[in-house]
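Number of protein chains: 2
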Amino acid sequence: MSNTDQQSFSFLYDRERIKIEKILIDAFKNRKPDSLYEPVKYILSSGGKRLRPLLVLLSAKAVGGSFSKVYNASVAVELLHNFTLVHDDIMDNADKRRGRLTLHKKYDENTAILAGDSLLSVAYEYLLKDCNGRTKYVVSAFTKGLVEVCEGQSLEKDFETTNNVSIYDYKLMIMKKTAAMSEMCCTIGALLGGGSPKEIKAVSLFGKNIGIAFQIQDDLLDITGVEKEFGKKVGGDLIEGKKTFLFISALSKAKGNERKKLLNVIKNKGIKPSEVNEYKNIYEKLEVIDDSKKEIKSYTDRALTQLKILKKEKDRKIFQWLADSLIKRIK
Amino acid sequence: MSNTDQQSFSFLYDRERIKIEKILIDAFKNRKPDSLYEPVKYILSSGGKRLRPLLVLLSAKAVGGSFSKVYNASVAVELLHNFTLVHDDIMDNADKRRGRLTLHKKYDENTAILAGDSLLSVAYEYLLKDCNGRTKYVVSAFTKGLVEVCEGQSLEKDFETTNNVSIYDYKLMIMKKTAAMSEMCCTIGALLGGGSPKEIKAVSLFGKNIGIAFQIQDDLLDITGVEKEFGKKVGGDLIEGKKTFLFISALSKAKGNERKKLLNVIKNKGIKPSEVNEYKNIYEKLEVIDDSKKEIKSYTDRALTQLKILKKEKDRKIFQWLADSLIKRIK
Chain X
1 MSNTDQQSFS
11 FLYDRERIKI
21 EKILIDAFKN
31 RKPDSLYEPV
41 KYILSSGGKR
51 LRPLLVLLSA
61 KAVGGSFSKV
71 YNASVAVELL
81 HNFTLVHDDI
91 MDNADKRRGR
101 LTLHKKYDEN
111 TAILAGDSLL
121 SVAYEYLLKD
131 CNGRTKYVVS
141 AFTKGLVEVC
151 EGQSLEKDFE
161 TTNNVSIYDY
171 KLMIMKKTAA
181 MSEMCCTIGA
191 LLGGGSPKEI
201 KAVSLFGKNI
211 GIAFQIQDDL
221 LDITGVEKEF
231 GKKVGGDLIE
241 GKKTFLFISA
251 LSKAKGNERK
261 KLLNVIKNKG
271 IKPSEVNEYK
281 NIYEKLEVID
291 DSKKEIKSYT
301 DRALTQLKIL
311 KKEKDRKIFQ
321 WLADSLIKRI
331 K
Chain R
1 MSNTDQQSFS
11 FLYDRERIKI
21 EKILIDAFKN
31 RKPDSLYEPV
41 KYILSSGGKR
51 LRPLLVLLSA
61 KAVGGSFSKV
71 YNASVAVELL
81 HNFTLVHDDI
91 MDNADKRRGR
101 LTLHKKYDEN
111 TAILAGDSLL
121 SVAYEYLLKD
131 CNGRTKYVVS
141 AFTKGLVEVC
151 EGQSLEKDFE
161 TTNNVSIYDY
171 KLMIMKKTAA
181 MSEMCCTIGA
191 LLGGGSPKEI
201 KAVSLFGKNI
211 GIAFQIQDDL
221 LDITGVEKEF
231 GKKVGGDLIE
241 GKKTFLFISA
251 LSKAKGNERK
261 KLLNVIKNKG
271 IKPSEVNEYK
281 NIYEKLEVID
291 DSKKEIKSYT
301 DRALTQLKIL
311 KKEKDRKIFQ
321 WLADSLIKRI
331 K
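Residue numbers (our numbering), protein chains in the order written: chain X, 1 to 331; chain R, 1 to 331.
It is possible that part of the hints are untrue.
[Said to hold, decoys possible] Partial chain X-side listing against chain R, Cβ under 8 Å, derived:
{"#": "1", "residue": "ILE90"}
{"#": "2", "residue": "ASN110"}
{"#": "3", "residue": "TYR124"}
{"#": "4", "residue": "SER274"}
{"#": "5", "residue": "GLU275"}
{"#": "6", "residue": "ASN277"}
{"#": "7", "residue": "ASN281"}
{"#": "8", "residue": "ILE282"}
[Unchecked claim] A few chain X residues facing chain R, derived, Cβ under 7 Å:
{"#": "9", "residue": "ASN30"}
{"#": "10", "residue": "LEU36"}
{"#": "11", "residue": "SER68"}
{"#": "12", "residue": "LEU85"}
{"#": "13", "residue": "MET91"}
{"#": "14", "residue": "ALA94"}
{"#": "15", "residue": "LEU114"}
{"#": "16", "residue": "ASP117"}
{"#": "17", "residue": "LEU146"}
{"#": "18", "residue": "VAL147"}
{"#": "19", "residue": "GLU151"}
{"#": "20", "residue": "ILE289"}
{"#": "21", "residue": "ASP291"}
[What the hints assert, rightly or not] Listed next, the stretches of chain R that the computed footprint assigns to chain X, with coverage defined by at least 3 CB atoms under 8 Å from CB atoms of chain X:
{"#": "22", "segment": "66 to 78"}
{"#": "23", "segment": "155 to 164"}
It should be emphasised that the hints constitute simulated quantities derived from the structure, not laboratory data.
From the three backbone atoms N, C-alpha and C, an ideal C-beta is built for every residue, glycine too.
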């Protein structure tokens with residue numbers, strides 16, 4: 001891909017992100033009571049990549065639609081995403097999100113539960129604004145994403161008390177928790193953009209596979225990230241004892257002392273920050289960092305293969321650029 | 001109304017409630033993971049009046065539709081209602097619901113947050129099953145109900161720390177927290193039943209006004225209920241220091257020592273169980289029990305006035321029977 005292409009896509013992303021930010025802010029401007037909507041505005045003002053709205057926009061365009069008809073739907077998926085963040089942060093007892101206090105730490109748990117519920121309610125409200133035809137399909141796709149994200153979160157919670165999580169279990173979990181959401185973004189974009197059944201299926205599968213790649217990349221970054229760029233503590237997943245792609249792969253390969261070390265992570269529900277490097281070495285020795293990279297590449301390729309059906313080269317290219325950016329991202 | 005009519009309506013309610021129960025149970029039969037859906041089944045198996053589904057059914061019928069086309073939508077409103085109960089119980093730190101442990105006490109708070117989210121997701125799924133035409137209007141009405149119930153819950157939470165709650169504030173709160181929900185039930189029933197705009201407006205206003213009457217009746221029952229029939233502690237609202245219709249009315253009328261007594265409820269965030277009778281006497285002396293009854297009658301009349309537009313006398317009668325039952329209910 002040429003530098004000019006890359007610059008033009010990066011410019012487009014920045015431009016559209018600004019538009020999305022504005023609609024997000026406006027969505028809560030005149031709502032009362034403040035006790036409900038101030039916390040909602042707090043979480044929405046903390047930034048974020050806004051990748052899910054971008055998927056809606058690009059999917060609509062890729063099938064011949066226009067951005068202008070799916071801005072509200074784009075905002076809807078971002079609101080849904082933030083609903084999951086707010087409730088997940090309570091469940092994970094997380095202190096920080098995007099460098100700021102999580103909603104339930106800034107306010108309290110009750111406020112955060114209700115703010116999450118409210119984000120979801122307004123998500124549907126915004127989705128409906130762009131439903132002019134195909135409403136049942138669009139709302140069904142959105143709802144399917146919501147049902148699955150709840151199931152995925154429950155599966156991930158189960159992992160905390162399950163010692164023998166397999167790669168199969170892990171993939172089922174991320175398909176529901178992460179990939180169902182990116183798949184849904186592409187489906188509703190393509191539906192609202194007027195795509196044919198074949199086009200809708202293709203961009204949906206792009207969304208699903210890129211979501212899986214994205215999550216494994218997330219797991220990988222936790223250990224290969226550079227603290228300064230990463231923005232969070234490197235090795236955080238190990239410290240918390242999370243069953244990531246790397247950890248599960250490592251455990252399935254390890255023998256002897258290394259296996260014992262890995263089992264200790266489960267037994268002690270995590271490791272000390274001072275031990276992160278030691279475990280990174282184990283991951284490297286067992287080649288699970290390479291395994292992860294291969295897995296990310298494989299799912300990204302599967303995602304991109306779907307795009308052959310798209311009529312315009314430019315549409316394929318921008319998805320390619322997005323996929324590249326996700327793989328190369330540092331945070 | 002004749003005894004025969006009453007018996008036939010009561011029979012119809014029992015029959016339809018059994019059907020609703022069955023669909024509710026079937027809705028979660030084959031879903032996984034159990035960690036998510038067992039708690040959901042727990043809350044749904046604890047009974048309840050299932051009045052909201054009945055409103056959907058009757059509204060559809062009243063405008064010429066049939067029950068058979070709105071069973072899934074009826075189940076959807078009950079799921080939405082249970083979503084609010086599960087999350088509200090966490091926020092209120094309630095121990096018991098319908099004589100059993102609340103969901104977050106039976107399991108834990110995280111499980112209850114996620115079970116609530118899941119109830120809402122499946123609510124939309126069921127609503128969509130009955131959307132064959134008018135989908136955008138139906139989902140919009142449902143979503144409007146959800147937005148308002150979140151706002152109403154937030155307003156009620158605000159009451160806990162607000163000393164000068166007025167009757168106006170109170171009515172705004174119950175309109176959002178209770179009446180928006182019964183209004184929505186009637187709206188979607190009438191929409192799916194194929195009602196004309198005038199019919200939809202009429203049954204919606206029936207739902208709204210009957211919801212207000214229902215909530216004031218709820219406040220009244222807390223103090224006039226007979227423990228054995230009521231199923232909960234009489235005077236519970238006073239013990240918890242809740243700003244009910246009776247309390248706010250009493251405070252606005254009281255002078256001297258009675259006013260001081262009422263202000264103590266606010267100051268101490270509630271009263272002792274042994275003091276309930278004393279406060280009941282104050283309510284009686286200030287005639288706020290009579291005031292509440294008049295208010296309930298007034299909103300019930302407003303609800304019933306709307307029904308003049310209905311073509312069949314039987315449809316008007318069954319709503320009349322429902323309104324009577326709500327006023328005469330003892331729990």
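Hints and how they fare:
{"no.": "1", "hint": "ILE90", "in the structure": "holds (6 Å)"}
{"no.": "2", "hint": "ASN110", "in the structure": "holds (4 Å)"}
{"no.": "3", "hint": "TYR124", "in the structure": "holds (4 Å)"}
{"no.": "4", "hint": "SER274", "in the structure": "violated (29 Å)"}
{"no.": "5", "hint": "GLU275", "in the structure": "violated (27 Å)"}
{"no.": "6", "hint": "ASN277", "in the structure": "violated (32 Å)"}
{"no.": "7", "hint": "ASN281", "in the structure": "violated (34 Å)"}
{"no.": "8", "hint": "ILE282", "in the structure": "violated (30 Å)"}
{"no.": "9", "hint": "ASN30", "in the structure": "violated (13 Å)"}
{"no.": "10", "hint": "LEU36", "in the structure": "holds (4 Å)"}
{"no.": "11", "hint": "SER68", "in the structure": "violated (19 Å)"}
{"no.": "12", "hint": "LEU85", "in the structure": "violated (13 Å)"}
{"no.": "13", "hint": "MET91", "in the structure": "holds (4 Å)"}
{"no.": "14", "hint": "ALA94", "in the structure": "violated (12 Å)"}
{"no.": "15", "hint": "LEU114", "in the structure": "holds (6 Å)"}
{"no.": "16", "hint": "ASP117", "in the structure": "holds (5 Å)"}
{"no.": "17", "hint": "LEU146", "in the structure": "holds (4 Å)"}
{"no.": "18", "hint": "VAL147", "in the structure": "holds (4 Å)"}
{"no.": "19", "hint": "GLU151", "in the structure": "holds (6 Å)"}
{"no.": "20", "hint": "ILE289", "in the structure": "violated (30 Å)"}
{"no.": "21", "hint": "ASP291", "in the structure": "violated (27 Å)"}
{"no.": "22", "hint": "66 to 78", "in the structure": "violated (count 0)"}
{"no.": "23", "hint": "155 to 164", "in the structure": "holds (count 3)"}
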